[in-house]
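The chain contents come next:
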Amino acid sequence: MGDLLGNLATGFAVALTPANLGFALMGALIGTLIGVLPGIGPIATIAMLLPLTFHLEPVSGLIMLAGIFYGAQYGGSTSAILVNLPGETSSVVTCIDGHQMARQGRAGAALTVAALASFLAGTVATAIIAMLAPPLARIGQSFGAPEYFALMVLGLIAAVVLAHGSVVKAIAMIVLGLLLGLIGTDGQTAAQRFTFDLNALSDGIEFAVLAIGVFGVGEIIANLARSGESRSLLAKRITQLMPTREEFARSWPAAVRGTALGGLLGVLPGGGATLSSFAAYVVEKKVARDPSRFGRGAIEGVAGPEAANNAGAQTSFIPMLTLGLPGNAVMALMIGAMMIHGIQPGPQVMTERPTLFWGMVASMWIGNLMLLVINLPLIGMWVQLLKVPYRFLYLAILLFCAIGVYTISNSAFAVILAAIFGVVGYIFMRLECEPAPMILGFVLGPLVEDNLRRAMRISGGDPMIFVERPIAFGLLIAAAILLVIVALPAIRRSREQAFQEG
Amino acid sequence: MATDNHDTVPRAQPRLRILARKDVLAGLMFMGVAAFGLWASRNYPVGTALRMSTGYVPRLLCWTLLGLGAIVLVQGLRRVPSAAATPDAAAPAASGLRPAVVVTASLVAFALALETFGLVLSIALLVALASLATRDLKARETLAAAAVLSLLTWAIFVFGLGLPIPVWPDW
Numbered sequence: 001m002g003d004l005l006g007n008l009a010t011g012f013a014v015a016l017t018p019a020n021l022g023f024a025l026m027g028a029l030i031g032t033l034i035g036v037l038p039g040i041g042p043i044a045t046i047a048m049l050l051p052l053t054f055h056l057e058p059v060s061g062l063i064m065l066a067g068i069f070y071g072a073q074y075g076g077s078t079s080a081i082l083v084n085l086p087g088e089t090s091s092v093v094t095c096i097d098g099h100q101m102a103r104q105g106r107a108g109a110a111l112t113v114a115a116l117a118s119f120l121a122g123t124v125a126t127a128i129i130a131m132l133a134p135p136l137a138r139i140g141q142s143f144g145a146p147e148y149f150a151l152m153v154l155g156l157i158a159a160v161v162l163a164h165g166s167v168v169k170a171i172a173m174i175v176l177g178l179l180l181g182l183i184g185t186d187g188q189t190a191a192q193r194f195t196f197d198l199n200a201l202s203d204g205i206e207f208a209v210l211a212i213g214v215f216g217v218g219e220i221i222a223n224l225a226r227s228g229e230s231r232s233l234l235a236k237r238i239t240q241l242m243p244t245r246e247e248f249a250r251s252w253p254a255a256v257r258g259t260a261l262g263g264l265l266g267v268l269p270g271g272g273a274t275l276s277s278f279a280a281y282v283v284e285k286k287v288a289r290d291p292s293r294f295g296r297g298a299i300e301g302v303a304g305p306e307a308a309n310n311a312g313a314q315t316s317f318i319p320m321l322t323l324g325l326p327g328n329a330v331m332a333l334m335i336g337a338m339m340i341h342g343i344q345p346g347p348q349v350m351t352e353r354p355t356l357f358w359g360m361v362a363s364m365w366i367g368n369l370m371l372l373v374i375n376l377p378l379i380g381m382w383v384q385l386l387k388v389p390y391r392f393l394y395l396a397i398l399l400f401c402a403i404g405v406y407t408i409s410n411s412a413f414a415v416i417l418a419a420i421f422g423v424v425g426y427i428f429m430r431l432e433c434e435p436a437p438m439i440l441g442f443v444l445g446p447l448v449e450d451n452l453r454r455a456m457r458i459s460g461g462d463p464m465i466f467v468e469r470p471i472a473f474g475l476l477i478a479a480a481i482l483l484v485i486v487a488l489p490a491i492r493r494s495r496e497q498a499f500q501e502g
Numbered sequence: 001m002a003t004d005n006h007d008t009v010p011r012a013q014p015r016l017r018i019l020a021r022k023d024v025l026a027g028l029m030f031m032g033v034a035a036f037g038l039w040a041s042r043n044y045p046v047g048t049a050l051r052m053s054t055g056y057v058p059r060l061l062c063w064t065l066l067g068l069g070a071i072v073l074v075q076g077l078r079r080v081p082s083a084a085a086t087p088d089a090a091a092p093a094a095s096g097l098r099p100a101v102v103v104t105a106s107l108v109a110f111a112l113a114l115e116t117f118g119l120v121l122s123i124a125l126l127v128a129l130a131s132l133a134t135r136d137l138k139a140r141e142t143l144a145a146a147a148v149l150s151l152l153t154w155a156i157f158v159f160g161l162g163l164p165i166p167v168w169p170d171w
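So the protein sequences, as listed, match chains Y and V. Counting from 1, position 82 in the first sequence corresponds to residue 82 in the numbering used here; the numbering is continuous, with no gaps. Counting from 1, position 24 in the second sequence corresponds to residue 24 in the numbering used here; the numbering is continuous, with no gaps.
It is worth saying that the hints were derived from the structure and are not from the lab. Hints should not be assumed to be uniformly reliable.
[Stated by the list, open to error] Away from chain Y, derived, C-beta distances all over 10 Å, residues of chain V: (1) Cys62; (2) Leu77; (3) Ala139; (4) Ala155; (5) Trp168.
[Unchecked claim] Partial list, computed: chain V residues near chain Y (C-beta under 10 Å): (6) Ala100; (7) Leu107; (8) Thr134; (9) Val167.
Note that the structure is predicted; figures quoted are calculated from it, not measured. Note that CB positions come from ideal geometry on N, CA and C, so glycine has one too.
With the hints as extra help, turn the sequences into a complete structure.
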């Protein structure tokens with residue numbers, strides 16, 4: 001316990017420097033901005049800003065990028081409630097009851113409850129990270145190559161199970177990502193792989209180029225193809241922010257349940273904000289005495305999911321920070337941000353760079369506090385932003401994508417590559433192949449290969465090493481069980497239901 | 001392996017046909033990439049399980065992808081339903097073609113122009129080309145957008161962050 005307080009003190013000392021406070025605020029503001037705006041999400045934004053963090057201190061850069069991620073969870077609820085458009089996928093369920101509340105003139109109360117629930121969740125999740133991370137990192141430090149290989153396989157499989165859509169397609173997307181990750185110079189034999197004699201490819205595909213292309217540019221093409229804007233902004237002026245006593249009494253238990261659920265689901269590989277919010281909505285409907293109120297402006301339907309998505313967003317940092325294992329695409333980007341600074345993600349980060357680790361954890365709580373202020377009194381400002389038409393927005397997003405990619409390596413080739421990935425990303429969307437598992441595969445590709453090769457060398461080429469080492473075997477068994485479970489018809493059906501709910 | 005686990009669309013019946021077609025295409029895409037990968041890596045030394053060489057893991061992954069693609073393809077083919085097609089649900093393929101071409105062209109033009117013509121002209125080029133993606137933008141609005149974005153980009157990237165990007169043509 002004393003250790004924990006000492007660590008947090010270290011963290012707050014880092015996070016409270018004026019510069020880092022500034023970066024936390026900037027991250028929170030940008031996050032809220034892109035959260036409010038439909039058509040651009042945290043993945044594309046973080047990918048765009050990734051090259052810029054190269055010019056910052058590592059901890060400042062990570063503080064800002066993290067702020068964007070959880071800031072987007074706050075902002076997403078605003079457009080969900082006011083316009084019935086989810087600013088982020090994690091706010092999809094907030095639309096259902098939040099927008100109904102807005103129609104009944106309770107927009108202010110819904111926004112307040114959403115922000116307070118998110119803040120509660122953010123505070124608890126920060127504490128969970130601080131308590132859970134050190135023991136997990138200690139376990140991670142005892143891992144060798146076979147254990148890491150098994151862990152990554154489990155992580156990739158879990159990402160598939162928790163993603164929605166076809167399981168086979170998701171696995172195929174992971175394999176595709178793993179392959180893309182191998183492009184470039186083979187680290188062990190120095191041979192060129194899939195570079196087609198192009199010099200620009202010999203260092204491999206830059207992670208940000210792939211992410212900006214698939215998520216940023218691809219998203220623009222998809223939005224333009226959909227065409228036809230229709231946004232009905234409710235409540236031009238929000239008058240009453242305070243929820244009534246009854247609304248408050250209904251929301252806080254829901255927020256607590258959502259926090260617990262989101263905190264748990266966020267830690268799982270493939271989990272995170274979106275899954276947590278869906279699950280929380282289902283739970284609220286189940287525990288409600290009168291489930292028929294849901295869909296007609298039940299405030300629990302706002303409080304629960306909003307708490308859950310923020311909690312899930314934050315606890316998804318745990319496997320990334322302690323094991324170097326990204327559970328979702330945003331965490332993969334955070335790993336990319338660390339690698340830009342030459343920091344190898346893994347359990348050693350916490351011991352070798354305590355200021356980086358604890359500074360980031362402390363900044364999360366500070367960032368959540370900032371977001372509460374940013375979102376509640378300043379709500380009017382964000383509402384104005386919703387009036388910016390997409391025909392201006394996409395020009396700006398496209399330009400920032402282009403410049404973001406160019407500045408990574410001052411190369412025109414990278415921009416062209418991003419354009420190609422943009423079209424590829426759009427094709428994926430049309431074919432209902434989710435790109436997020438591919439990004440995970442891409443990041444983990446070289447690591448998976450490296451650990452597999454090393455494990456094989458340890459065992460003298462005998463695959464039995466994965467059976468003989470108990471931890472590695474256990475992890476692989478868990479992965480196999482997950483695969484079997486998802487293939488069972490009964491479970492498959494309820495999984496589909498969970499993603500369809502609402 | 002699972003055969004019907006993508007019913008994320010609530011109204012399943014009318015959409016099944018499209019889903020099926022999407023799976024067929026997706027399966028072919030995966031198999032195509034895998035075949036291309038196998039062809040490109042045909043000369044890579046594979047090595048042994050003990051000393052995996054350059055080609056071991058890539059070729060293993062390509063074969064896996066080929067198999068997975070085949071499963072997706074078969075799933076897609078098996079699911080062709082007799083239900084009547086709904087033309088409204090099937091968005092015309094052409095609708096995405098224009099933005100895809102226009103967006104790609106504007107990025108490529110920007111990339112090629114930046115180093116010789118500088119930031120301002122390249123942004124104008126990007127905005128002008130990209131504005132063709134939608135009919136909603138008026139000429140006046142496009143001009144204004146180009147001006148505002150040039151100023152903003154200059155302020156953030158050149159003035160603020162000091163990135164070495166040429167602003168004007170260097171003649």
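Hint check results:
1. Cys62: violated, 7 Å
2. Leu77: V:Leu77 clear of chain Y: closest Cβ-Cβ about 14 Å, beyond 10 Å.
3. Ala139: holds, 13 Å
4. Ala155: holds, 12 Å
5. Trp168: The assertion about V:Trp168 holds, with a minimum of 16 Å to chain Y.
6. Ala100: Since the shortest Cβ distance to chain Y is 5 Å, the answer is holds.
7. Leu107: holds, 4 Å
8. Thr134: Given a least distance of 6 Å, the restraint on V:Thr134 holds.
9. Val167: violated, 13 Å
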